[in-house]
Amino acid sequence: MKKQYKSILWIFALVGGMSLVSCEKLLDKEPDESGGVILPDNAVETPEDLQQLLNSAYDVLANGYNGRVQNPANLLSDNLVRPFNQNDYESVWLRQTTIFNGSVGDAFGEIYIAVFRANTILEDLPNVSGLSEADATRTTGEAKFIRALCHFDAVRGWAHPYGHTPSNTHPGVAIRTRSSPENVSRSTVGEVYNFILQDLADAQASLPDVNDVYATRWAALALEAEVRFQMHEYDLAYELANQVIEGNAVMFDTEVNKYQWPQASPEAYFYIYSAELSNGDTDNRNTFFRDNYNSLGGSPALRIQEDLYDMLTSQGTGVPRGALYQENNQDGNITYVTTMFDDQSFNIPILTLTQMMLIRAESMAELGMDLTQAIDDINAIRERAYASPVLNLLPTASADVVIEAARNERRMEFPFNAQRYHDLKRIGAQGENPDILGYPYDCNGMILQFPAVEGTESFELNPGGGC
Amino acid sequence: MIKLYARSILFLLCIVSSSTLLAQVVKGTVTDEDGIPMPGVTIRIDGTTQGASANMNGEYEIKNVEVGQQTLIFSFIGFKEYRETIQVPATGEVVVNHQMEGDAQQLDEYIVVGYGVQRKKEVTGSIAKVDSKEITDIPAPSFEAALQGKAAGVQVTQGSGLAGSGSVIRVRGIASISAGGDPLYVVDGIPIVQDYFLAGNRGAFNNNPLATINPNDIASVEVLKDAAATGIYGSRGANGVILITTKSGKGAQGWSFNLSTRHGVSMPTANPDMLNSSEWLQLYQEAWENDGNVGLAPLPGGRTWEQARNTDTDWIDETTRVGFKQAYNFSSTYGNKWFNWMLSVGYDDNQSYLESNAYKRTSVRNNFNFTLSDKVSIGANLSLSQGVNQRVDAAWSGGYGDAMSTALPIYPIFYTEDVYNSNGELMYAAGDYWDQGSNPVRQRELTEWETVERRMINNVSIDYKPFDNMFIKGYVGLDLMSLDDDKFTDTFLREGNRSTNELPNLTERWANTSVNYNINLTANYIHNLDDKNSFTYMIGGEYQETLLKDLGYVSVAGDDIDGLIRSNPDYLDGVDMPEIGRTNYNFISGFGRINYSHADKYFAQFTARVDGSSKFGDNNRYGFFPSVSAGWVISEEDFLKDNETISFLKIRAGWGLTGNADIPAYLPTGEYRLSSQTGYNNELYRYQSIAPNPDIQWETANVVDLTIELGLYRDRITTSLSFYNKNTTDVLLNVTPQSSTGVENYWDNAGEILNRGVEFQVNTVNIDKKKFIWKSSLNVSYNYNEIVDLGGYSPDAISGGTNDTRVVEGAPVGANYLVRFSHVDPESGRPVYLDINGKETYTWDPDNRVEVGRVLPKAIGGFTNTFEFGNWNVGLVMVYSFGSNIYDSSRKRQNGVVSDWNMTTEIFDRWRQDGDDAEYAQLSRLPENYGLPGIWDNNTTQFLKKGDYLRLRRLSVGYTFNAFKVGSMKFESANITLSAVNFLTFTNYDGLDPEIARDFENVNDRNLSANITYLTPPQEMSFNLAMNLRF
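Top to bottom, those sequences are chains A and B.
In terms of this note's numbering, the numbers along the first sequence are unbroken and rise by one, the last being 538.
In terms of this note's numbering, the numbers along the second sequence are unbroken and rise by one, the last being 1018.
It cannot be assumed that every hint is accurate.
[Said to hold, decoys possible] Only pairs whose alpha carbons sit at most 25 Å apart, straight line, appear in this in silico PhoX-like list of lysine-lysine:
id : chain 1 : residue 1 : chain 2 : residue 2
1  : B       : Lys452    : A       : Lys77
2  : B       : Lys107    : B       : Lys588
3  : B       : Lys628    : B       : Lys519
4  : B       : Lys826    : B       : Lys758
5  : B       : Lys107    : B       : Lys474
6  : A       : Lys77     : B       : Lys362
7  : B       : Lys588    : B       : Lys234
8  : B       : Lys519    : A       : Lys77
9  : B       : Lys347    : B       : Lys474
[What the hints assert, rightly or not] Not the full set, but computed from the structure, chain A residues with beta-carbon under 10 Å of chain B:
id : residue
10 : Ala185
11 : Pro242
12 : Val244
13 : Asp306
14 : Ile405
To be clear, the hints were calculated from the coordinates, so they are not data collected in a lab.
Ideal Cβ positions, reconstructed from N, Cα and C, are used throughout, including at glycine.
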């Protein structure tokens, strides 16, 4: 019997021991790197890794600026009629965006995923070995440019404009400087603009003048011109726009349509590129424009207002500008559509020479400067649009006339990229009270609502209830 | 029949009349199975008050017994009642000795527990056992559906009417939010891969990981409910464990064969009342005019009014049918002293009522066991099965879902004339499928879709008994699975018309595989201290590893492609599956159990398990899960031993900690991903996809269980009453942080959930006559569920997919979060909502959402009755569910803003003029007229319904043929059963079917949104004829 107890103990010790020696290492299961998965520790080690990380930020930027980001903001301008068969867009147009609006939520999400990736670049960059000084500087500049652009579109879409309160202490958006899932509180509009300007200053100091399809110093300068213009800082806007134009980095295009392919419009400082692939396909990064404006199906979701159509076709549909628009008559229901987005492939300009010219012209008029340059700028755009000087401004045009002309040209040159919405808010914030399809510039529904999860105790969502 | 009875009655009369006034003595000795004299056994003469008890030597004597034929009845608690008919002669004594047999049904019933079996009497945990007959009684796509109503505390919600769909099972409520809330399934000792989202939610259908298991192969299913029972499964036992034991040849003597067949028809339990063409046109025009328009409304799909008026397609009719079911199962067992074997082959072709939808399972199982010597035996269970699911789109994805929504009655199935485009090219020829709007027939006929799952669940074990009372077992389990989802799309569906020619036929495949194995070694020692005190010690170690491969997606297009990859493997020549992800995780565990019993009336158990897993972060790698429980069989005490009323009484109580580790694999390490194809500007890219969380761990359930079991009147009535309290902490949350983080989600152990409940079960033998037996079984379970704490997260941070269910502190898991609908204003015809303060408003605002409704029912249960009249039997299974709500999410569009959706006939009750007291608002095509920001926002309590129901789950009539001969063939038995399933439901729910398990988007959704229906196909009603032959 005693012997047996010994055996029992031995057996139990053996069986039990088997599990206790379970070696710690066996439990270190790590993602298998064969399936496109990489361990965080090895993820960003070489300059190539870092470049791929940067590409991911552009990749998501291109998924945002394919119309996803521009469309909701554009719906809040006076350019479009009630959308057809696109329920999320219909709610935006009704100035009734809610926390459930998937299209708006996705646009917001894409913007901040790009920011997140830009932040991982800035965080991982110091750990990369063998990175040249030039690449480090350029990469930093690109990350900061992306971060600035995204914060700028977030604050322009999800907050009332700069100048809405005297010290810009009205609620802005979240400022994200780290890749962390922590909640942050809502920054004021003033704080967000300061952050954007800081990033742009860094970007301008770091970016090269030429950089394939990616961000350049000119793009960062042009973006700052847009920012300053939005801040009503017309002196700086003028200086920057002028500097960018005189840098001659791009050419004034002869085409009115800026959505070109395979080459981007020659006047784009920065654009979203749809690449031709080796197998003959195209990596189209324009889905949200094409799907919502494409006139070939007969009834696109997004169609333009009659007054805009009348302005655009004041010289008929035979001139370059008018040729891009059509009137559709379905059983007596008249709609106005653009043919600009009918092609499968086109690139999307984000920052352009035409816009710099219009910023320069309007800023000069605001500043009371000599208007010769301003009038030349506007006339160049008009002659291109109408293929004749018939609507040119007189050399004696007053500042008010120039301002009105610049705004109208901006509306007609960029009817679909939300410039009109930003303009109306800018004008509203400087006290002009524009009538936006009957809504004031600063009613609740004139800004987009955040996705539900953005709201926390220290982050109050935009007030609901529409206009 | 009548003749037969008549003859029996005559026979009985004869017996009675032959009795005389003479009397004699009947005596004898009663022993137990081992021949030891049994005192106290009661011996009675049937039909009289005469009887006696055996003395200390087991002897008895009954005097004055009437001469003639008499029946003696021997009975004793815990032993089988024995009847013997004797002929009492006019002179002399009659000696009747009897050896009592223990009643396995009552005291010696064995229950499968984790890593072993236990005598039911000794069990101190809460375990519900469902046997094989009950599992095969109900034709269901997979066995778990048959557990419905059978086990207290086990909520089974059958899947929708789609073929092959699985059920949602909740054991004692729900205690998980983002980690899997389903119980752990263990098949013959291996926890199987149970991923409901292997194929995402393609076609509005979730993978059913149990579908390939042939219910006919199952010997018993044990549902382990409390910590004393599940504690041995440590970090995976918190949501209950379901042990599936397959049949074996154990106990077989020689050959035995079984053949069973089943044929049946399937139809929906309900169909929606959609508007017909003229009704729809009338209401659409009414909305158009209400919106201030004149003339005829422009119709969707480019239909002219003339065309629309001349069309009236019944899309429900076009997408449904009477489905046919057929199943064949053959099994044989063989056994001798050294060897036993079970072989089974099954084929099941289960058509649903949806046109073109069927699930076909083919399975083979081979279970055998060799006894090599007194000390060593080896066994193996091998199974191979294939499930082919012939798929159709459903719910939001099309098919029957379209028939309830976007397929308008004004749309035709076919073009009736040629259509040309503006360039004069033929776009559609007469007879082509119509393509300018939803057309589920076109979608179905131009698609071929099959999901094929192949699965092997195998194990090999060796038992070694080095000396008496010591048992060592080595076990290896292997669970292999492959899932190929093949789809073929005709060019005409892709193009939509004949004039363009860019998109040829397309064939696609999504593929997954998994390899899952476990190895364990256990040692058991039974330590009998003395006559009264006995210990059983068990110790074990286990390793389990699982590798899931997502082989990704491939597609091949071309004019020469004309079918599935499955039928044409050459389509993949030169094409590799990209293999986009591997998930590999493991568990290393040590566990032990000590059972103590004293005098067969006091029992105690202690279990403990240490689990380490690669799923847990470095800072929390090992979890310790103990349990303690005890039972007292009071009826064994002297003061109750001879009680006439109380035949069995036991109290047991247990406490323990268990865990839930059903979470993704790489949360601790985090991961980056490298793009498989080039991205922006034709360049590769990489990005962080999961942020590392070194703290992540299991969620912990702290469980207390108290149960009283009572048997009355020789166990003619047995009942059990349980109370449980389950407090789950460190609840795993897949949190959606602020959008601006750019992080879609991350995992956190936060939160606390309480489940508290009562379970009551009663089984009775109401009538026990030779020719008529009536047994009943009733169970009731009540569950209280509350989210005690959410760790500071907002309700919107943890949502249930696109469904409007949320987690809210103080509310049950998965509360509906809706704006309250008040009424339709009789003056304006507009819907009136309530704001957050209960004030009426015309405006729907998400800020006014409140927590309303319950996903989980308060009470569930079943009521089963079986009647046996001679060879006839009738079974009646009723199930019920009370206290839950259903959110009929389809209705927000069907009965909301007028659009290109069809409506249900409820919409007739709409506001038309001042003073109308209507259910629905004035019709309009503009969401603002309903106070809505958009037509999809119409989520209000108007569509939140009561989900109570009582359902006649199964009614069956069967006949059993006793042993018979056909020629020289001897048959042991045969039976034939006619059954009706789900054919009667009592409910106030005005939607389709109150029992709902919709397609889910993710785990959160499955846990939180079980009560949401969105165009979900209703349950199936079926009528079946089953035959079974044993020989």
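Against the structure, the hints come out as follows:
Proximity of lysine 452 (chain B) to lysine 77 (chain A) is assessed by CA-CA distance (about 16 Å); at most 25 Å being required, the pair is judged to hold. Between the alpha carbons of lysine 107 (chain B) and lysine 588 (chain B) the distance comes to roughly 12 Å, so the proposed pair stays at or under 25 Å and holds. Between lysine 628 (chain B) and lysine 519 (chain B) the alpha-carbon distance is near 17 Å, which keeps this suggested pair within the 25 Å criterion. Distance restraint check for lysine 826 (chain B) and lysine 758 (chain B): the Cα-Cα separation of roughly 67 Å exceeds the 25 Å cut-off, and the hinted pair is therefore not satisfied.
A threshold of 25 Å between alpha carbons decides the hint, and for lysine 107 (chain B) with lysine 474 (chain B) the separation of about 50 Å lies outside it, so the pair is violated. With a C-alpha separation of about 19 Å, the suggested pair lysine 77 (chain A) and lysine 362 (chain B) falls inside the 25 Å cut-off, and the hint holds. With a CA separation close to 31 Å, the supplied pair lysine 588 (chain B) and lysine 234 (chain B) exceeds the 25 Å bound. As the CA atoms of lysine 519 (chain B) and lysine 77 (chain A) are separated by approximately 24 Å, the hinted pair is consistent with the 25 Å bound.
Taking the CA atoms of lysine 347 (chain B) and lysine 474 (chain B), the gap is about 17 Å. The hint holds against a cut of 25 Å. Taking 10 Å as the C-beta contact cut-off toward chain B, the hint placing alanine 185 (chain A) at the interface holds, the least distance being around 7 Å. Look at proline 242 (chain A): its Cβ only gets to about 13 Å from chain B, farther than 10 Å, so that hint breaks. Because the smallest distance between the Cβ of valine 244 (chain A) and any Cβ of chain B comes to about 7 Å, under 10 Å, the interface hint for this residue holds.
A distance limit of 10 Å between C-beta atoms decides the matter here; for aspartate 306 (chain A) the minimum to chain B is near 32 Å, and the interface restraint is violated. The interface hint given for isoleucine 405 (chain A) is broken, as the beta carbon of that residue sits about 13 Å from the closest beta carbon of chain B, more than 10 Å.
Comparing the model with each numbered hint stated earlier shows that hints 4, 5, 7, 11, 13 and 14 do not hold.
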